[in-house]
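Construct all of the structure, not just a fragment, from the sequences and the given hints.
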Amino acid sequence: MPPIENPASQNAAIAALGASEQAELPIENVVPCFTPGTVIATPKGEQRVEDLQIGDRVLTRDNGLQEIRWIGSCKLGAEDLRKAPSLRPVLIRSGALDHGLPEADILVSPWHNVLIQNDKTAQFFEDSEVLSAAGHLTGLDGVDVIDVAEVTYIHFMFDQHQVVLSNGFWTESFRPEERVMESLGTGQRRQIFELFPDLRDTAGRKAYQAARRALTEAESRLLLK
Numbered sequence: 017m018p019p020i021e022n023p024a025s026q027n028a029a030i031a032a033l034g035a036s037e038q039a040e041l042p043i044e045n046v047v048p049c050f051t052p053g054t055v056i057a058t059p060k061g062e063q064r065v066e067d068l069q070i071g072d073r074v075l076t077r078d079n080g081l082q083e084i085r086w087i088g089s090c091k092l093g094a095e096d097l098r099k100a101p102s103l104r105p106v107l108i109r110s111g112a113l114d115h116g117l118p119e120a121d122i123l124v125s126p127w128h129n130v131l132i133q134n135d136k137t138a139q140f141f142e143d144s145e146v147l148s149a150a151g152h153l154t155g156l157d158g159v160d161v162i163d164v165a166e167v168t169y170i171h172f173m174f175d176q177h178q179v180v181l182s183n184g185f186w187t188e189s190f191r192p193e194e195r196v197m198e199s200l201g202t203g204q205r206r207q208i209f210e211l212f213p214d215l216r217d218t219a220g221r222k223a224y225q226a227a228r229r230a231l232t233e234a235e236s237r238l239l240l241k
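In terms of the working numbering, the sequence shown is residues 17 to 241.
Be aware that a few hints might be false.
[What the hints assert, rightly or not] Label-pair distances were calculated between CB atoms; the ranges are: (1) G158 / P101: 19 to 29 angstroms; (2) N79 / D160: 26 to 36 angstroms; (3) P59 / E198: 32 to 42 angstroms; (4) H115 / F140: 13 to 23 angstroms; (5) E62 / R216: 27 to 37 angstroms.
[As the list claims (entries may be wrong)] DSS-like cross-link-like pairs, simulated, lysine-lysine; straight-line CA separation at most 30 angstroms: (6) K222 / K91; (7) K241 / K136; (8) K222 / K136; (9) K60 / K91.
Since the hints were made in silico from the structure, they are not lab data.
Note that CB positions come from ideal geometry on N, CA and C, so glycine has one too.
Now the structure itself:
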């Protein structure tokens, strides 16, 4: 993969994406994202997601420390959320899931996948660990869609899909699957394609494998019973 020549300017360009870019986000989709204030485990300790830079290393569950290759963000205002209430963030309260997780409240986009590990995952899916979108877990106590005036979504990407520690809770990094890439603005897609040329076609995107099995909504609902 080609190195990033100027991480600071790359981050500035992403942060400066205008309304025309943000407006391209289809109302039926949202990119899996963190929100500002979420802390990510790094070799320097926990860092707020909004402070991370391209080139920073992050602790991953499977592959040790991995370098961030790309960072993107999108701000949704009151009018965006009024038109598309399905884009409102999901709050997972401390201890709402198994094993007392997350360690602290975490606010993510509804499509953001979180790691689930309990008896039901092995029973239903023959996997000890699976990924479920936060929005598919809203039937659980302590997992709720939150009505906010505005929200900023932040996502970061590695050479491979990873599971990272966020607010003491394992969740996913950005994965460029088909529907997600369609949800990005043209500027963000261009940045990703420059870094990862193979992702320009469907075969390349399919080759960027998920770190764990990602459940459908129907499958996730089995975990709520």
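Going through the numbered hints above, which ones does this structure break? Give me the numbers in ascending order. The structure breaks none of the hints.
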